[in-house]
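Asks: Fit chain B to the known structure of chain A by using the hints.
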Amino acid sequence: MILTLVFNTILVLSIIGVLAAVILAVAAKKFKVEEDPRIDDVEGSLPGANCGGCGFAGCRAFAEACVKEMELSNLFCPVGGNDCMGSVADILGLEAVKKAPQTAVVRCNGTCEHRPKTNNYDGSVSCAIASSLYAGDTGCAYGCLGCGDCVTACEFDAIHMNAETGLPEVDDEKCVACGACVTACPKTLIELRKKMPKDRKVYVSCRNMDKGAAAKKACSTACIGCTKCFKECPFEAITMEKNLAFIDADKCKLCRKCVSVCPTGAIVEENFPPRKVKKEEAPAL
Amino acid sequence: MVLKTFKIGGIHPAENKLSANASIQALAIPKTVYIPMAQHIGAPATPLIKKGDMVKVGQMIGKASGFVSANIHSSVSGKVKKIDQILDSSGYKKDVVVIDVEGDEWEETIDRSAELVKEITMSQDEIKTRIAESGIVGLGGATFPTHIKLSPPPGNSAEVLIINAVECEPYLTADHQIMLEKGEEIMIGVSILMKGIGVDKAIIGIENNKKDAIAYFKKLAKGYQGIEITPLKVQYPQGGEKQLIAATIGKEVPSGALPIAIGAVVNNVATAYAVYEAVQKNKPLFERIVTVTGKSVAKPCNLLVRGGTPVNDLIEAAGGLPEDTGKVISGGPMMGKAIVNLEVPSAKGTSGILIMQDTESAREKMDACIRCAKCVKVCPMGIEPYLLMSLSEKSMWEKSENCNVMDCIECGSCSFTCPSNRPLLDFIRLGKGTVGQIIRNRKS
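Just so you know, the sequences run in chain order A and B.
Under the working numbering, the first residue of the first sequence is numbered 1, with each subsequent residue one higher.
Under the working numbering, the first residue of the second sequence is numbered 286, with each subsequent residue one higher.
Isolated chain A, as found in the complex:
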C-alpha cells in the first residue's frame, strides 16, 4: 500500500518535471531575447561599483549605453578611469577619450576655531534637512553644516568627518571622483578638481559670497574678495565672482604665490613639502 503510494507520487512528479522541462526548453528557444554579447563584455571590464558616477543607473546601464551609442566622447567611468575606458574602447573597437583624473576637494575651512557658533542645532543629523531649515549654526550661510551627508553618500569610504575640525576630509587614495558627494552637499561645497602630481592642491577653501566685512565677521578664514590673489597670479588662473575667488585647476601651475598673499588664509595648499624659511631680512641700518 505504502509502496504504491510512493511509486505513484514519484511517477506523477517525474511526469510534471519532464513536461515542465519541455515547456521551458521550447520557451527558451522561441522567446529568446537577442542581446548584444558585447554588453556583457563591456560590463565585465567596468569596476562594478554601481555608484552612478557616470550618470547612469549602475554599470549595466552604462555598458548598454556604450554599446548603443557606439561613441565614447560623452561617456566616461570616473571610477575605472582611462584604463577602464581604454579596455571598453578595445572591446567596441572605438576611440576612448582620455580625461585627466580628478579628486574631490571640500571648499570650506570653517573649523570651530575659525567660525564661532552662533546657535545650536539639535534637529535631525542631515545636511539636507538642516539646510532646508536655516542657514546654519554659524554666522556663515555658505559653509559646511557638518552633518555628514557627503560621508553617507560616498560608496568608496573616501570621505570622513574630522571630529576635531567638524569638517569632512577627502582621502585622495580612495576618492574616485564619482561625484556622489558633490550632489549630496546642499551647500555645493565639494568640487571635483584635476588631480595634480603628488596629489598637490591649491584651492580657495571658501564659498562665502558675502562682502568682505560680513564674511570675515562670520569666519576668520573666509575669502573676503580682496582680489590680491587675482592680481598676483601670473597664469590668469584666478577669477573673481561675487566677492569670491576661484582657482581654475587647468590653468594653475601650483606656484603658490596666491597662498602667500591671501590675508585670511582662505587659499589652501596641500601635500607640498614644508616651505623654506625665508632668510630674515637684514635690519635696516
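I should point out that these hints are in silico values taken from the structure, not numbers from a laboratory.
Keep in mind it's a predicted model, so treat the numbers as computed, not measured.
Hints are supplied without guarantee of correctness; some may be wrong.
[To be verified] Ranges of calculated distance between the beta carbons of each label pair, as one might list FRET restraints:
id, chain 1, residue 1, chain 2, residue 2, range
1, A, E173, B, K378, 35 to 41 angstroms
2, B, N726, A, M240, 29 to 35 angstroms
3, A, T152, B, H297, 33 to 39 angstroms
[What the hints assert, rightly or not] Quick list of in silico lysine-lysine cross-link-like pairs, DSS-like style, CA-CA up to 30 angstroms:
id, chain 1, residue 1, chain 2, residue 2
4, A, K216, B, K366
5, A, K211, B, K378
6, A, K211, B, K335
7, A, K217, B, K622
8, B, K486, A, K242
9, B, K302, A, K216
10, A, K217, B, K379
11, A, K117, B, K366
12, B, K486, A, K187
13, A, K68, B, K684
14, B, K679, A, K174
15, A, K117, A, K253
16, A, K187, B, K378
17, B, K480, B, K507
18, B, K366, B, K403
19, B, K679, A, K242
20, A, K242, A, K216
21, B, K504, B, K302
22, B, K336, A, K211
23, A, K187, A, K99
24, A, K276, A, K187
25, B, K366, B, K341
26, B, K486, B, K536
27, A, K211, B, K302
28, A, K117, A, K251
We put the CB at the ideal spot given by N, CA and C, even for glycine.
Replies: Here is chain B on its own, set in the frame of chain A:
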C-alpha cells in the same frame, strides 16, 4: 451636543493658553525697524524707496513683484537708513528695509478714528483692488496673498466663505483676543470678504475652547445675514484649511487641488479684521496681534506689533527672556520654527513668539520605528508618515510621490505622537521639498 470635527486623524496636545484674556496692548514703537521684503508666500516685494528717504506710517515701501506677491507698507515714520540683508524667521538672510523711527506721522488718507464704519460702499472689484493694494495676506501663518484667493481661477466658482477662527495651535491666543475685542469689525470684514468673493454664505468655525468668543459671535451674527457660527471640537489640526472645510461643510478637497475646487474659500479671522481696516479705514496691513508666551515668561501677553519690530522688543514687553530659555519659536509649538537670534524682525505671518524652557525644548533620543502605526492613526491627511520618512531617508522620491507626500500639511501630529521620538516631519518635509522640485522641473 456632538461638536463638528474632521473625520480622520488628529491629536489633542495640552492647550497651555497662558495668555488667554490678556487684553491687547500696543507695543511701544521701537527705535529702529527692519521691515522684510518677503513677508508672504511667493516673490519678495521690490523696494520702492532708497537710503535717506523719509517715510510715513502706511506708506507703500515695497511693490508686489509677480502674480503671487504682496505689497509692503511702512509700519513707522522716519528715515530709511539702508536696505540690508539680515536673518529673518526663515533662517536665511533676506532683504529688509531698515528705518530709523522719527515721531509717528501717519499717511493722511488713513482713518485713525475708532468709529465703526458699517456700510460697505465699495463694489466687488474695488474691494479686490483695495485688498491687493493694502498688501493683505493670510494671517494664520501661511501668508498667502488674500487678493488671489478672492479671484477664483476660471472654471471654478466660490459658494461659501469659511472663516478660520479655530486657533488650534497650543499657547497662541492672538485670534481669540482679537475676536473678543474687535468682534463688530470682524463681522463687517467677513461681510466685505463675502461681497468680494461674491457669495452669500459664510461660516465662522471656532474651536470649543473659546466659549466666550462663540457666545459673543453668536449674538453678533443675529445682526448679519448669511453668517453662521459653528463651534468645533477641540482637536488639532482643526485649523488646517482642509480639516476646517471637512469639519464645517463635510466636503473633502481632492488631493493636489485647492479648496476652490469644491467651492470653498478659507480666510483667517485676523485677515477679516485686516480687510475691515483696509476697506473701511484705508489702513494697509503693517501691524498685527502677536502672542508672546511661554511657561517661564513673566507676563504672557497679546501685543499689537508694528511690522519689522525685532523679536527682542516683544520679549522685553512680556517681562524679558527667562533664564531657562531653550528655544524661541516664531509661531506655535506645533508648526512654528525656532529662530536663530532675537534680532529677527516680526512680520505679517508672526502669530506668536513662544519661549520654551530648555527642558521641554530638547529633542529626545531617537529610537527605531516599532511599527505601532500611531503616526498613521493621527495623520489628518490619511497618509503614512513612517513610510514617507523611510522613503526620504533612502532618497526614493518617485515612490514618495506615489505615496502622496505632497498631501502632507506639515501639522506635526506624527512627530508629536511617535513613541520612538522619530523626526518624521523633518524627513517628510525634505521629501516634499525634493518631490515638489521634481514636479516643477517636469512641468517646465
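Asks: Each hint needs a verdict: does it hold in this structure or not?
Replies: Evaluation of the provided hints:
With their beta carbons about 39 angstroms apart, E173 of chain A and K378 of chain B fall inside the hinted range of 35 to 41 angstroms. Range check, N726 of chain B to M240 of chain A: about 31 angstroms between beta-carbon atoms, so the 29 to 35 angstroms window is met. The hinted range of 33 to 39 angstroms is satisfied by T152 of chain A and H297 of chain B, whose Cβ atoms lie roughly 37 angstroms apart. Distance check on the hinted pair: K216 of chain A and K366 of chain B sit about 23 angstroms apart at the alpha-carbon level, within 30 angstroms; holds.
Of the pairs offered as hints, the one joining K211 of chain A and K378 of chain B holds, with about 13 angstroms between alpha carbons and a cut-off of 30 angstroms not exceeded. Between the alpha carbons of K211 of chain A and K335 of chain B the distance comes to roughly 20 angstroms, so the proposed pair stays at or under 30 angstroms and holds. With a C-alpha separation of about 26 angstroms, the suggested pair K217 of chain A and K622 of chain B falls inside the 30 angstroms cut-off, and the hint holds. For the given pair, K486 of chain B sits about 54 angstroms from K242 of chain A by alpha-carbon distance, which is inconsistent with the 30 angstroms threshold.
Among the hinted pairs, K302 of chain B with K216 of chain A is inconsistent with the structure: their alpha-carbon atoms are about 44 angstroms apart, more than 30 angstroms. Only pairs whose Cα atoms come within 30 angstroms are accepted, and K217 of chain A paired with K379 of chain B is accepted, the gap being roughly 18 angstroms. Distance restraint check for K117 of chain A and K366 of chain B: the Cα-Cα separation of roughly 29 angstroms lies within the 30 angstroms cut-off, and the hinted pair is therefore satisfied. A distance of roughly 50 angstroms separates the Cα atoms of K486 of chain B and K187 of chain A; the hinted pair therefore is violated under the 30 angstroms criterion.
Under the criterion of a C-alpha separation no larger than 30 angstroms, the hint pairing K68 of chain A with K684 of chain B is consistent with the structure, at around 29 angstroms. Distance restraint check for K679 of chain B and K174 of chain A: the Cα-Cα separation of roughly 24 angstroms lies within the 30 angstroms cut-off, and the hinted pair is therefore satisfied. Restraint check for K117 of chain A and K253 of chain A: not satisfied, since their Cα atoms lie roughly 36 angstroms apart, outside the 30 angstroms limit. The suggested pairing of K187 of chain A with K378 of chain B holds, with an alpha-carbon distance near 15 angstroms, which does not exceed 30 angstroms.
At most 30 angstroms may separate the alpha-carbon atoms for a hinted pair to count; K480 of chain B and K507 of chain B meet this at roughly 18 angstroms. For the proposed pair K366 of chain B and K403 of chain B, the alpha carbon gap of about 40 angstroms is over 30 angstroms, so the pair is violated. Our distance criterion of 30 angstroms between C-alpha atoms is broken by K679 of chain B and K242 of chain A, whose separation comes to about 35 angstroms. Distance restraint check for K242 of chain A and K216 of chain A: the Cα-Cα separation of roughly 15 angstroms lies within the 30 angstroms cut-off, and the hinted pair is therefore satisfied.
With a C-alpha separation of about 24 angstroms, the suggested pairing of K504 of chain B with K302 of chain B holds against the 30 angstroms cut-off. Using a Cα cut-off of 30 angstroms, the hinted pair K336 of chain B and K211 of chain A holds, with the two alpha carbons roughly 19 angstroms apart. Between K187 of chain A and K99 of chain A, the direct Cα distance comes to roughly 27 angstroms. Compliance with the 30 angstroms bound is thereby established for this hinted pair. Pair hint K276 of chain A plus K187 of chain A does not hold up; C-alpha atoms about 36 angstroms apart against a cutoff of 30 angstroms.
For the hint pairing K366 of chain B with K341 of chain B, the CA-to-CA distance comes to about 14 angstroms; that is within 30 angstroms, so the pair holds. Taking the CA atoms of K486 of chain B and K536 of chain B, the gap is near 16 angstroms; set against the 30 angstroms cutoff, the hint holds. For a cut-off of 30 angstroms, the pair hint linking K211 of chain A to K302 of chain B is broken: about 44 angstroms separates their Cα positions. Restraint check: the Cα-Cα separation between K117 of chain A and K251 of chain A comes to about 36 angstroms, which exceeds 30 angstroms; the hinted pair is violated.
Violation of the numbered hints given earlier is confined to hints 8, 9, 12, 15, 18, 19, 24, 27 and 28; the remaining hints are satisfied by the structure.
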